[in-house]
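Trainee: So the protein sequences, as listed, match chains A and B.
No gaps in the numbering here: position 60 of the first sequence is 60 in our numbering, and each next residue is one more.
To convert, take the position in the second sequence, counting from 1, and add 1000; that gives our numbering.
Any given hint could turn out to be false.
[To be verified] Calculated Cβ distances over 10 Å to all of chain A for the following chain B residues: (1) 1051; (2) 1053; (3) 1132; (4) 1212; (5) 1242; (6) 1247; (7) 1327; (8) 1358.
[To be verified] Here are the simulated DMTMM-like pairs of lysine to aspartate or glutamate, each with C-alpha atoms no more than 20 Å apart in a straight line: (9) A:77 - B:1186; (10) B:1095 - B:1032; (11) B:1274 - A:102; (12) A:77 - B:1254; (13) A:63 - B:1193; (14) A:68 - B:1186; (15) A:77 - B:1082; (16) B:1135 - A:67; (17) A:68 - A:94; (18) B:1035 - A:102; (19) A:71 - A:31; (20) A:82 - B:1186; (21) B:1274 - A:67; (22) A:77 - B:1180; (23) B:1249 - B:1335; (24) A:63 - B:1090; (25) A:62 - A:90; (26) A:68 - A:22; (27) A:63 - A:31; (28) A:62 - B:1270; (29) B:1152 - B:1270; (30) A:68 - B:1270; (31) A:71 - B:1254; (32) A:68 - B:1254; (33) A:82 - A:67; (34) B:1135 - B:1254; (35) A:71 - B:1186; (36) A:71 - B:1335; (37) B:1135 - A:102.
Don't read these hints as lab results, they were simulated from the structure.
All values reported here derive from a predicted model rather than from experimental measurement.
Backbone N, C-alpha and C fix where the C-beta goes; we use that ideal spot for every residue, glycine too.
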Amino acid sequence: MKKYIIAALFAMTSLNAQVEGEIQVPYIPFEIKMGKGFETVQANCLTCHSFGYMINQGPQSKKFWHEKVVKMIVHFKAPITKEDEAIVTDYFFEHYGNGRLE
Amino acid sequence: MKRRDFLKATLAASAAAVGTSASAGITTQPIDNRKVSNIAFPEKRPLITYSDRPPLLETPRASFTKAITPNDEFFVRWHMPEIPTYIDPETYMIKINGLVEHELNISLNELKTDFEQVEVTAVLQCGGNSRSAFKPVAGGIQWGSGAMGCAKWKGVRLRDILNRAGLKRDAKWIGFNGLDNAAYYETPIFVREMQIEELDDHVIVAYEMNGEDLPYLNGYPLRLVIPGHYSDSWVKMLSNITVTSDYQKLFFMDVAYRVPDNACECETPENRFKPTKPITTMNVKSVIGYPQNGTLVYHNSHVVVRGVAFDDGHGIKDVLVSTDDGKSWKAAILDKDTAGRYAFRAFRFSFKPQQYGKVRIMAKAINRLGREQPFAEDIKWNHGGYKYNGIDVVTIEVV
């Protein structure tokens, strides 16, 4: 009889996830270049995405980086001030830029 | 000549003089030397890791010898940072509302027992897969060739769910929303839309991937599967389907994942082309899984090249392989197409390297419409770096 109860329990738990409990997405310490404006980047950008997301865009123009920051403000509604918008753009162009303004 | 044009011309001339413009604007092979991370994500083995928040993981090339991509090697791409890390399958509900006769809340159990269960093997590929091939560097994650995979999906036809709910007469659009969220409440929700006319029987709401629950990072417990289409519309952790009469204006539909709406789907950085169109269906493509760049093989040994080919569902007719820089092409052997027209078609090609040193192996897929992959250098640029499908090239070393 006991055997049958166990079998029935297994049948009932068929919806259980194959993962027990909560998953945990690991933190990855991406190497990022230090420099002027870094703190502003930390304060404004990390709320939504990792450093990896930013530095894996490839070397880009100043216009590209500015447009990315504007996209975050316009489309994703990130509360980035005018002043920080310029600082963040300059930081990325300086460290992850391709040397071209556009 | 306007002053600005003159400056441009002067710049171009001086660049040419020092020989820096030679490669500008010419599409190359995607970046292929990235190593897998030493940190594994949940339910995954270590993969090429671009971001942890949101998770962005790429499948290494070696996986593409297999017609089915294992769940723990399958690429991952999310847009929003807040992803539920626990879902209770006993209480999970998908809601169907909007212009329907009966609003529905369907549990996973009901989905698995009250509807016809269907399966489809289909390729899931990011529209930006292989983006790193474009020069100048196109905006977005610089994927190599592994933002793709093929799985056997099991679930319920979207049409069956909508029929159960009953569409009202003016129903025209279906919006899909998942459980991932932005960090700010003000951020618009990540909804995808599809026209009801586009809906065919292959579109399913899937709860199973390769015979297992979907991994969390691939959208557990439910995701939309739209065979033949790029992955931007395959909404993960699908929680809500809303039927509307009008198209809703949405960032990810109107701004992202779009290409120039011209015959070549191309433009230049200086002259961006408007209007644009969504990337929608996939073009014909193949990727070599073995050998890889830098693989050492012996002279006169038997090398079996293996890879996968696919398109948007017309089906692969041939895969041709060249080992002499594209001068001659021979047909590879294709696996039986038992998995259907949306699946990876695995191919293999045996050859004996007759010369020492570096040898380039190229693979070119041709679909049943006769469409074939172009050489990378013939692919024109688009600003988002979408839809790269160049002939795949790996360079081996014969010793």
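Trainee: Hint by hint, say whether it matches the structure.
Mentor: The hints, checked one at a time:
The Cβ of residue 1051 of chain B does not lie farther than 10 Å from every Cβ of chain A; its closest approach is about 4 Å, which violates its non-interface assignment. The non-interface label for residue 1053 of chain B is inconsistent with chain A: the shortest C-beta to C-beta separation is roughly 4 Å, within 10 Å. For residue 1132 of chain B, the requirement that its beta carbon stay farther than 10 Å from each beta carbon of chain A is not met, with the minimum near 7 Å. Its closest Cβ contact with chain A, about 6 Å, brings residue 1212 of chain B to no more than 10 Å, contrary to its assignment away from the interface.
Its beta-carbon lying about 21 Å from the closest one in chain A, residue 1242 of chain B satisfies the requirement of being farther than 10 Å from that chain. Non-interface call for residue 1247 of chain B relative to chain A: holds, since the shortest CB-CB distance, roughly 17 Å, exceeds 10 Å. No Cβ of chain A comes within 10 Å of the Cβ of residue 1327 of chain B; the nearest lies about 33 Å off, and the non-interface call holds. At the 10 Å boundary, the C-beta of residue 1358 of chain B stays outside the reach of chain A, the nearest C-beta of that chain being 27 Å off.
A distance of roughly 6 Å separates the Cα atoms of residue 77 of chain A and residue 1186 of chain B; the hinted pair therefore holds under the 20 Å criterion. For the suggested pair residue 1095 of chain B and residue 1032 of chain B, the alpha carbons sit about 42 Å apart, so the restraint of at most 20 Å is broken. Restraint check for residue 1274 of chain B and residue 102 of chain A: the C-alpha separation of about 18 Å stays at or below 20 Å, so the hint holds. Distance hint between residue 77 of chain A and residue 1254 of chain B is fulfilled; the C-alpha atoms sit about 16 Å from each other, no more than 20 Å.
With a C-alpha separation of about 30 Å, the suggested pairing of residue 63 of chain A with residue 1193 of chain B is violated against the 20 Å cut-off. Pair hint residue 68 of chain A plus residue 1186 of chain B holds up; C-alpha atoms about 18 Å apart against a cutoff of 20 Å. Under the criterion of a C-alpha separation no larger than 20 Å, the hint pairing residue 77 of chain A with residue 1082 of chain B is consistent with the structure, at around 16 Å. A threshold of 20 Å between alpha carbons decides the hint, and for residue 1135 of chain B with residue 67 of chain A the separation of about 19 Å falls inside it, so the pair holds.
As the CA atoms of residue 68 of chain A and residue 94 of chain A are separated by approximately 15 Å, the hinted pair is consistent with the 20 Å bound. Distance check on the hinted pair: residue 1035 of chain B and residue 102 of chain A sit about 31 Å apart at the alpha-carbon level, beyond 20 Å; violated. A C-alpha spacing of about 24 Å is found between residue 71 of chain A and residue 31 of chain A, which places the hinted pair above 20 Å, so the restraint is violated. Between residue 82 of chain A and residue 1186 of chain B the CA atoms are separated by roughly 18 Å; this keeps the pair inside 20 Å, and the hint holds.
The suggested pairing of residue 1274 of chain B with residue 67 of chain A holds, with an alpha-carbon distance near 17 Å, which does not exceed 20 Å. Distance restraint check for residue 77 of chain A and residue 1180 of chain B: the Cα-Cα separation of roughly 17 Å lies within the 20 Å cut-off, and the hinted pair is therefore satisfied. Under the criterion of a C-alpha separation no larger than 20 Å, the hint pairing residue 1249 of chain B with residue 1335 of chain B is inconsistent with the structure, at around 43 Å. With a C-alpha separation of about 49 Å, the suggested pairing of residue 63 of chain A with residue 1090 of chain B is violated against the 20 Å cut-off.
Proximity of residue 62 of chain A to residue 90 of chain A is assessed by CA-CA distance (about 7 Å); at most 20 Å being required, the pair is judged to hold. For the given pair, residue 68 of chain A sits about 33 Å from residue 22 of chain A by alpha-carbon distance, which is inconsistent with the 20 Å threshold. As the CA atoms of residue 63 of chain A and residue 31 of chain A are separated by approximately 24 Å, the hinted pair breaks the 20 Å bound. A hinted pair counts as satisfied when its Cα atoms are at most 20 Å apart, and residue 62 of chain A with residue 1270 of chain B qualifies at roughly 14 Å.
Taken as a hint, the residue 1152 of chain B and residue 1270 of chain B pair is broken in the structure, with Cα atoms around 43 Å apart against an allowance of 20 Å. At roughly 18 Å between alpha-carbon atoms, residue 68 of chain A and residue 1270 of chain B fall within 20 Å of each other, so this suggested pair holds. Of the supplied pair hints, the one linking residue 71 of chain A and residue 1254 of chain B holds, its CA atoms being roughly 13 Å apart against a limit of 20 Å. Between residue 68 of chain A and residue 1254 of chain B the alpha-carbon distance is near 16 Å, which keeps this suggested pair within the 20 Å criterion.
The suggested pairing of residue 82 of chain A with residue 67 of chain A holds, with an alpha-carbon distance near 13 Å, which does not exceed 20 Å. Proposed proximity of residue 1135 of chain B and residue 1254 of chain B is contradicted: the alpha carbons are some 24 Å apart, above 20 Å. Simply put, residue 71 of chain A and residue 1186 of chain B have alpha-carbon atoms about 14 Å apart, close enough for the 20 Å limit, and the pair holds. Between the alpha carbons of residue 71 of chain A and residue 1335 of chain B the distance comes to roughly 45 Å, so the proposed pair goes past 20 Å and is violated.
Between residue 1135 of chain B and residue 102 of chain A the CA atoms are separated by roughly 14 Å; this keeps the pair inside 20 Å, and the hint holds.
Of the numbered hints given earlier, the model fails hints 1, 2, 3, 4, 10, 13, 18, 19, 23, 24, 26, 27, 29, 34, 36; all others are met.
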